[in-house]
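Once you have looked at the hints, place chain B on chain A.
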Amino acid sequence: MNQSQGFFKDIQISCLVVGWLLSNTASIILSFRVWGGQSMTDSAPSWFFYSAEMIHSLFLINHLGDIFLEKHWKSVISRSVCDYFFEAREKAVDPENVPPVLQTPHHYLISIYRGKLFFLSVIQTEVPPLFVIEFLHRVADTFQDYFGECSESVITDNLVIVYELLEEMLDNGFPLATESNVLKEMIRPPNILRSVVNTLTGGSNVGETLPQGQLSNIPWRRAGVKYANNEAYFDVTEEIDAIVDKSGTTVSAEIQGVIEACVKLSGMPDLTMSFMNPRLLDDVSFHPCVRFRRWESERVLSFIPPDGNFTLMTYHISSQNLVAIPVYVKQSINFFEAGSCGRLDITIGPKQTMGKTVEDLKVTIHMPKAVLNANLTATQGNYTYDCTTKMLVWDIGKLNPQKLPNLRGSLSMQTGVPNPEENPSLNIDLKIQQLAISGLKVSRLDMYGEKYKPFKGVKYVTKAGKFQVRT
Amino acid sequence: MSASSAFNDEKGGSSSVGEPEYGHDPASGGIFSSDYKRHDDLKEMLDSNKDSLKLEAMKRIVAMIARGKNASDLFPAVVKNVACKNIEVKKLVYVYLVRYAEEQQDLALLSISTFQRGLKDPNQLIRASALRVLSSIRVTIIVPIMMLAIKEAASDMSPYVRKTAAHAIPKLYSLDPEQKDQLIEVIEKLLADKTTLVAGSVVMAFEEVCPERIDLIHKNYRKLCNLLIDVEEWGQVVIINMLTRYARTQFLNPNINESLLEEGGSGDKTFYGSDEDEDEDEEEKEKKAEVAAMAKRKPYVMDPDHRLLLRNTKPLLQSRNAAVVMAVAQLYFHLAPKAEVGVIAKALVRLLRSHSEVQYVVLQNVATMSIKRRGMFEPYLKSFYIRSTDPTQIKVLKLEVLTNLANETNISTILREFQTYIKSMDKDFVAATIQAIGRCATNISEVRDTCLNGLVQLLSNRDELVVAESVVVIKKLLQMQPEKHSDIIKHMAKLTDNIQVPMARASILWLIGEYCEHVPKIAPDVLRKMAKSFTNEEDIVKLQIINLAAKLYLTNSKQTKLLTQYVLNLAKYDQNYDIRDRARFIRQLIVPTEKSGALSKYAKKLFLALKPAPVLESPFKDRDHFQLGSLSHLLNAKAGGYQELPDWPEAAPDPSVRNVEVPEWTKCSSREKRKEKKVEKPFYTDSEGESGPTESADSESDSATGSESSSGSEESGSGSESEESKEASESEEEEEEEEEEEKKKKKKDLKKPVQERVFLQTIAPSSTLKSYELLHRITGEGLSVEYCFSRQPFSPDANMVAVQMQFTNNASSDTKNLHIEDVKLQSGMRVKEFPEIELLPAGETATAVMGIDFCDSTQAANFQLCTHTRKFFVSIQPPVGELMRPVFLTENEFKKEQGH
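Chains as they are written, first to last, in the numbering used here: chain A, 1 to 471; chain B, 472 to 1371.
Calculated directly from the structure, the hints in this document are not laboratory data. All figures in this text were calculated on a predicted structure; none of them were measured in a lab. There's no promise every hint is true.
What the hints assert, rightly or not - Below, a list of computed lysine-lysine pairs in the BS3-like style, where the Cα atoms sit at most 30 Å apart:
1) A/K184 x B/K894
2) B/K540 x A/K330
3) B/K660 x A/K116
4) A/K466 x B/K894
5) A/K116 x B/K540
6) A/K390 x B/K540
If we strip away everything but chain A, and leave its shape as in the complex, we get (with noise of 0.2 Å):
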């Protein structure tokens, strides 16, 4: 193996010395030397010996193109890379559209878009892609957690550590720590007290002591936490994925759900939660604190929480069973060829609400790019048209029953062009507090384990997600 390795080294090093000699006589030392200096260190390319590792380097680049963050888990791979990115960027209309798996001569490159960020990974070899998508998206949610937001300015504020986070998240290419409480542990989180505390005594943000998290069966939940006020609080949200034909018949409707927690108690607790009505539920996935098995017999959520916010359980009511409508939609859109202009009218109304109401109620309509202006009224609520998006946003707020909201009115359209033969469809935006759609309920919440007695609530919520109303 080493004989070969070096017989490689020195017919690379000729060609390389042939090359000089045809173009500059005069440089043949000193490019011999760079060389030689590379050539020791990347004693292995990867294009010649297998040498596999997951993710290779991190780029992040914001919507202009710019790659404000590099990192390299191993070797350093040139920022060149991002060429075919970038043209696969041009090519595509809108950043959705990006392939999120690319090929490169040399590299594979796989990239998420988030918040107008793109995170960019250079891979060698094979590799799950979802493994690096899931990966990224962690990452992308790990900086959501600690500054509140992902954005170009937050992680240039924040560059170390973001650095550091990168470094602990991944080793080698391989996911080593991601749970959150874990890191925050190991590189705690910025906030202005502290941050003030630490230029005042010349502290730091990483944690004295490292942590046992990590160590331990529970990974996720670090041990000697303490409050004054133990609380454990637990939002069920769901969202209605609805496809509503032209004539108001459900096309397909669908509910996803989710119960987002926010524990805060002492100690080991062990938390068993019950529902009124578990059948509901045939197509769950879970935080990994939930222990499956007693999920598979029982029916009931038994699990350590994580300390502090996360995601429970996520929950998909399929199409298959019948999923409550809140609202139905009466609308007609027309586009008149002589004349170049349209009409428009849409009326929506309560329909299952389970007798609550609906507030936030938004319609959302992507004109054709024939359409110039609106010249609408409506009943209640206020409409903005946006000509350069085509967007026409009718926000309707509380949805009365007596008085039902309507916006009606004429679109003026482009003259000489032909009329669009498409209709657009309506994305409705909506939110019913203190009800879940689907009929879920908690029952009970028990806590074992500790002495005192926490303070309880569940919440729930019912949203639009993707609702959408065909015309």
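Relative to the frame of chain A, chain B by itself:
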């Protein structure tokens, strides 16, 4: 910006952004002198005694690295601080070192001794981090040091250090592949590790260093399967992928019998769409017959280890990590019997709600699966319906899946959906929809006419792309059976008056020319009209007009001779040389003159040869020869380092390789046990089968030790159990685990009264017991104590939990008077001490049981363990799942409880 830059300067630039920083950067600065000053500044700070200044400097340097700027010339100044006491400075120095060590090898060597010292630190976390950094320094000279460090760390007491060792293996391997053999030894050692922490990392190392050494897995297979659910999520992905490959080499194809059934029945229609070639079918049948013949010889029985893998991975479909779900899905797709694969569909559909990148990958895989196993996704058809807000690439993939799922029963709903899609604003998507309609039409003959009519209607669409795409698709459809559709060709001929899109006009003209025999009356008329408008046409249309003229001349020269001459003359003087060329070429070919060679005789054959109908098939067909979920599958090309998924073996390799050896002395007793067990078998399997799902609700992991079944007993077992039915074979490995546990317990229970052992059999815990360390032999000066929660009733007091302790005297002298003293407890807790052990001779082991009432809390019980010479402070903290109370239930009550 200026304000912020001022702020940055004040703060020493630690959190600086973009432009104002340029001045600090040596590479980009234009004026050298100022640059040097800047760096002098940093060097000074690094040399100072104050940690805060050092920290500030390091922060600025790391920020430079992060922005991709060169900071290599600071190396000597930075490396000095590697031994700095301040932990944050230290960490940042590590970051710097790992980045630049490669470029400054000589200087980097200066830091090595610090890490070597760190490797000996009593704190496991420091040992681990020293190893981590040391192995990340890519300097060839230190390879022997790294090797030594890895070897040492691999036998470290702390699983965390061992995990780090596993991580270091691929690093060293990529630095120096020469070390492979030695590294494999370390991997082999770490594979035998029983902790979940290590499992994922070592399998990752295995995959990178020696994926071909599948033999290393045998002994660890069962353990890995059992540990899987408790391994961290990233490790799960790696292990599952590896086990998929392993299973393909070790087990038989579970679908052998099913392919036999399929062959006989007509039920295979759904699986083999009508688009499939006859020959291919034949070939496949042959192959199947072969396989079936083999199957007949020996009825298929799933290897219990195969079943174990399927059973233990299934819960992971509920993981929150999409990569884990995908890994399990591909495992099921590649390994599970057809009837069981369906479970993955639901989980995959759930992933469609995730980020669009996840959707993209999942849909690609669903597209491949849906070709082979259409039935699996049919119930979720509606989940693939497209929203106008989806990104185009997602829309196209969903369309692909919908098309694959289309069959006689659902085609009408799908076509109705397609109708709405055609009105979309996204024209690329509309084009894809039209192609999808074309594919549905070719695959499902019932709707071919409906689709054609629909497409013909689209010909009047205003959008160029839509029309062009429809014409192209119609052209393809008509090519399949032109004789039936002369009326559509006629209809399209009429369209030439209206359609202006050049591509569409060209396609229509090609159709008419190609099938001029079917429309003998119309074709010359079309040519007449075209000849009239020839000069105003686009180039591609002109070319097709010439083509049409040539074909008509050959078939119907009487009517079209003059027209053709006219067209060719027009073309002769066209501005475009392509067209002039074509005209000259065709004239020579079709108009016989003295000069024209032999070719003109064959003109008809040349022009009117039967053109093969284009094949409309999914681009995802046959992609499943790549392991699903892999990068190679996504790219449909082999990525570097891709491990081929092997074909099923024809005959299963010896399954006994997965058995794990047990020390000699337990063998005979285990055999006795087995006999005892045989008698009460029915009850046993039953109870086990039913209590299966409830087992180890708490993430009880360390069942690894359970795989100690002796190869001897295994053989005898397979002999005596041969008369058992197939069902029994399913539960076999459960029993096996069971046996193993018992054996293990037996080891510990040697001193227990017989009566208790009998009782034990009836309530044998369904997963193996995990033992915890109470006293390490080093701290205990030779005395080591392990304890486990034996999950048996503690007879003196039912409220107490039985804690079984195992004392081992590793010292050279005897230990006397082992007892408990000075018990410190939370209020309410009680302890029943074990009877004093008078004498524990050197090298011997003793067992004792004590009872603790933890009051249902997880508070620790602290006490002193005393020998005749020393006292050790120890504490026992129960995992929640171990707090159990014995309850007497009749069989009926038990069943009733179970129903809840």
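Hint consistency between B/K540 and A/K330 [alpha-carbon to alpha-carbon, up to 30 Å]: Measuring from Cα to Cα gives roughly 59 Å; hence the hint is violated.
Distance restraint between A/K184 and B/K894, which requires alpha-carbon spacing of 30 Å or less: violated, 50 Å
Restraint status (C-alpha distance of A/K116 to B/K540 at most 30 Å): Distance ~24 Å between A/K116 and B/K540 Cα, so the pair holds.
Restraint status (C-alpha distance of B/K660 to A/K116 at most 30 Å): violated, 46 Å
Restraint status (C-alpha distance of A/K390 to B/K540 at most 30 Å): violated, 42 Å
Distance restraint between A/K466 and B/K894, which requires alpha-carbon spacing of 30 Å or less: Satisfied, since the Cα-Cα distance of roughly 19 Å is no more than 30 Å.
Hints 1, 2, 3, 6 from the earlier list are contradicted by this structure; the remaining hints agree with it.
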